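S.K.: Just so you know, the protein sequences line up as chains A and B, in that order. With our numbering applied, the first sequence corresponds to residues 1 to 225, in that order. With our numbering applied, the second sequence corresponds to residues 1 to 505, in that order.
Do not rely on the hints blindly, as some may be mistaken.
[Unchecked claim] With the Cβ distance kept under 7 Å, some of the chain A side facing chain B (calculated, not the full set):
| id | residue |
| --- | --- |
| 1 | L68 |
| 2 | F121 |
| 3 | F124 |
| 4 | M201 |
[Unchecked claim] Straight-line alpha carbon distances no greater than 35 Å define the calculated DSBU-like cross-link-like pairs of lysine-lysine that follow:
| id | chain 1 | residue 1 | chain 2 | residue 2 |
| --- | --- | --- | --- | --- |
| 5 | B | K82 | A | K102 |
| 6 | A | K169 | B | K53 |
| 7 | A | K50 | B | K219 |
| 8 | B | K394 | A | K113 |
| 9 | A | K102 | B | K11 |
| 10 | B | K64 | B | K117 |
| 11 | A | K169 | B | K114 |
| 12 | B | K469 | A | K191 |
| 13 | A | K11 | A | K34 |
| 14 | A | K50 | B | K466 |
| 15 | B | K304 | B | K394 |
| 16 | B | K412 | B | K449 |
| 17 | A | K10 | A | K99 |
| 18 | A | K50 | B | K394 |
| 19 | A | K193 | B | K422 |
| 20 | A | K102 | B | K466 |
| 21 | A | K193 | B | K449 |
Don't read these hints as lab results, they were simulated from the structure. None of the values given here were measured: they were computed from a predicted structure. Each residue gets a CB set at the ideal place from its N, CA and C atoms; glycine is no exception.
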Amino acid sequence: MALSPTLEIKKSKHGEYIPVLNGVFLHSAFNPIKEAESFVENHLTTLNQKNNILVLGLGFAYHLDQILHHMNNFHQQYQVVVVEPNHKILKACEEFNPKNLKRLVILSGLEVKTLYQDANFIRFLMNRPGVIAHPASFNFHSEYFKSLLSFEADQSLSSFQHRLPNELKAYFQQFNPNMTLNQIFTQLETKTKLTTTADFMLGALSTWTNNNTTKVDTNDKHAHC
Amino acid sequence: MTNTLIVNLEKNLDLNMLAATAQTYAIAKKTQVSLLVLDEVKTAQNATDMVEKIFTINLQEMVKCSKHRIFSNFEMVNELQKDLNVINQNNWDEVINLGEDEASLYLVRCLQTKLLKGKFYNDNRIIYSSNLMAQWRKQHSFLHQQICMNDGLEIASIIEEANAEAEVINTKRYALELASGQHVTPLSYECLVELVQGLTYIKNDKIDLIVREEERQTKLIMDLQERFPQNLSIVEASISQLKNVLKGYDLVICQSHYFKTLCDQNGVTSFTIYHDYQSLYQNCSLNPNSLSLYLNKADVPFIKGAELIQCINFAFIKGKVTANLDLETLELYRLNNKQILVPISKNYNVGLYLKMILEKGLYREVQYQTWLEYKTELTIISDRELATFIQDEKESLSLVVKNTLNAIRLLKNFEHTQGNVKELVTYIDRLMNERSKDSATNYLLDLFKHQMEHLDASSREDNLIKTEKALINLKNHLQTLTRILGDMAETINERRKAQFSGINI
Numbered sequence: 001m002a003l004s005p006t007l008e009i010k011k012s013k014h015g016e017y018i019p020v021l022n023g024v025f026l027h028s029a030f031n032p033i034k035e036a037e038s039f040v041e042n043h044l045t046t047l048n049q050k051n052n053i054l055v056l057g058l059g060f061a062y063h064l065d066q067i068l069h070h071m072n073n074f075h076q077q078y079q080v081v082v083v084e085p086n087h088k089i090l091k092a093c094e095e096f097n098p099k100n101l102k103r104l105v106i107l108s109g110l111e112v113k114t115l116y117q118d119a120n121f122i123r124f125l126m127n128r129p130g131v132i133a134h135p136a137s138f139n140f141h142s143e144y145f146k147s148l149l150s151f152e153a154d155q156s157l158s159s160f161q162h163r164l165p166n167e168l169k170a171y172f173q174q175f176n177p178n179m180t181l182n183q184i185f186t187q188l189e190t191k192t193k194l195t196t197t198a199d200f201m202l203g204a205l206s207t208w209t210n211n212n213t214t215k216v217d218t219n220d221k222h223a224h225c
Numbered sequence: 001m002t003n004t005l006i007v008n009l010e011k012n013l014d015l016n017m018l019a020a021t022a023q024t025y026a027i028a029k030k031t032q033v034s035l036l037v038l039d040e041v042k043t044a045q046n047a048t049d050m051v052e053k054i055f056t057i058n059l060q061e062m063v064k065c066s067k068h069r070i071f072s073n074f075e076m077v078n079e080l081q082k083d084l085n086v087i088n089q090n091n092w093d094e095v096i097n098l099g100e101d102e103a104s105l106y107l108v109r110c111l112q113t114k115l116l117k118g119k120f121y122n123d124n125r126i127i128y129s130s131n132l133m134a135q136w137r138k139q140h141s142f143l144h145q146q147i148c149m150n151d152g153l154e155i156a157s158i159i160e161e162a163n164a165e166a167e168v169i170n171t172k173r174y175a176l177e178l179a180s181g182q183h184v185t186p187l188s189y190e191c192l193v194e195l196v197q198g199l200t201y202i203k204n205d206k207i208d209l210i211v212r213e214e215e216r217q218t219k220l221i222m223d224l225q226e227r228f229p230q231n232l233s234i235v236e237a238s239i240s241q242l243k244n245v246l247k248g249y250d251l252v253i254c255q256s257h258y259f260k261t262l263c264d265q266n267g268v269t270s271f272t273i274y275h276d277y278q279s280l281y282q283n284c285s286l287n288p289n290s291l292s293l294y295l296n297k298a299d300v301p302f303i304k305g306a307e308l309i310q311c312i313n314f315a316f317i318k319g320k321v322t323a324n325l326d327l328e329t330l331e332l333y334r335l336n337n338k339q340i341l342v343p344i345s346k347n348y349n350v351g352l353y354l355k356m357i358l359e360k361g362l363y364r365e366v367q368y369q370t371w372l373e374y375k376t377e378l379t380i381i382s383d384r385e386l387a388t389f390i391q392d393e394k395e396s397l398s399l400v401v402k403n404t405l406n407a408i409r410l411l412k413n414f415e416h417t418q419g420n421v422k423e424l425v426t427y428i429d430r431l432m433n434e435r436s437k438d439s440a441t442n443y444l445l446d447l448f449k450h451q452m453e454h455l456d457a458s459s460r461e462d463n464l465i466k467t468e469k470a471l472i473n474l475k476n477h478l479q480t481l482t483r484i485l486g487d488m489a490e491t492i493n494e495r496r497k498a499q500f501s502g503i504n505i
């Protein structure tokens, strides 16, 4: 997205406001509420089974009104997180259809890499949310959403240093910042004497991951021990 | 009161069994016991309220981080630290790791405690492990008893109290487990009818038929209800509710181990039916008032309710060895204060009884040199039976002694020359893997195997020294067993001498 797209606000034939990006309508020009109802009907299984939902695209939140309505019926506790690449859309939505926005967690105008540095977002993803793409928004920002969905985390220590627990920050300073956790495990294996609690903690983690992990450590070939 | 944390991070852990062990430990040591287990174990097995608190490690969350490309592996560090912070908020007086998995050997070293027991890595990654650990996986109930026997006096006094309370009880409430499923051979309808009839006739009281929600047998229940409209109530409970449901009864007739364990945890007297000796030995009720009945699977269809009632009446008589219940096919046992399953019926499995005396006596001798207190348990065994048993044990023992001495001899050769590695490995392999059926030497070989499996592989010389130490230990234990068998044989001689002098011991 080299150039910021032009945002226009138009009214549907039914009278609801609709965001239009570079001439592309993000909702039905005739009846966005009806459109949202039938859109959500196609995702009822996901909404029923998952109490965490990730929605790709905010638009003017007509689809989200419907999603929230169903989540309310299906679950006592739930969370709906929306990723919207264009911050102007959120601003406009706050003006033209703000009624349910407070019930959502909206991450707007953030780069994909920045999103994945957010501890709360990571925690949310760890709960394996159901993913629902708002078709018009997804198509307009297809590159953005594709990179969001195919993101691969940087496995180096340096990329995570700011998120390490305070009590372990000093401990990890002894390692090369380019090292991955797997490389740190390997280095620890050669250590004849374990001297700190953190050594034992990593020993436990190493054992668990060796028994369970299938992920290929993509940073291994780049990092220097 | 002190604060103890028992750790077991195995994925296939029996949480109820661990909680039962923890509860006994809490009583014996007068300590508050909490557990640390994997989150998935706690979720799957519906946590028990028999312990102070159950802490968890969320391994699945951590594995998720390590498996998915969108997460940095370092997320695992955050997740684990978060769990550890919660656990370390308590000031633990002692932490005991009963887990056999490698991760827990590391993890318990991250816990803040004054004393660490069980199994764990030292700073050089050498496993520290107490002998109790060798028993944990194979014989949970055995360990359950042994773990508290360090303080034999305390646990004995608890049992005394329980016995005194149980002297004569006017029974008011019975529960009968209506069991089904793969692992249970249920009592026949006719037997159940006779049982309910008999119990209500004697006590003129009501019986509750306890049904697990998922095992409802509608037709059987309806038939029984129709037959006993006044005296029989149906209590349907889910697994999570069962524990509380069973609390109120004076006697629960159990057809499954699960009910028996719940009764033990609640201190409720149970009458449990076993169909094989192995499970009777390993999973007998630990409540000194409870009764364990052995009934061959093939005999189940023929058992009569009247016979069961005859047995059940013993549950309300003070636990004293009487061995006078004359039943044709049934064997009835009760655990005494030395943790021996004492037969109450005339019919009993002599081999099982002797095996229990020898194994528990051997354990006590190895740990505390107090085997002699078990010798008195031999009084009900005839000379001939005892002699046969001793002979069998000696045969198994001689083979193990031969292998042990050969291994030691070969190992000694390494001090001077290269030695015959292949031959040494053969003997050690035999000691580790060959077992005689039902012999007490198996217990000693298990201890040896346990030591061998945890040799530190840092250097060959070190390994040889430790192997030698393990072999010498085994040799000493075998000598102890020989001495105990000698003592047993001496019992026969003493009886003969007494007979000749006209004194009946």
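S.K.: Hints the structure violates: just list their numbers, smallest first.
M.R.: 1, 2, 3, 7, 8, 9, 14, 15, 18, 20
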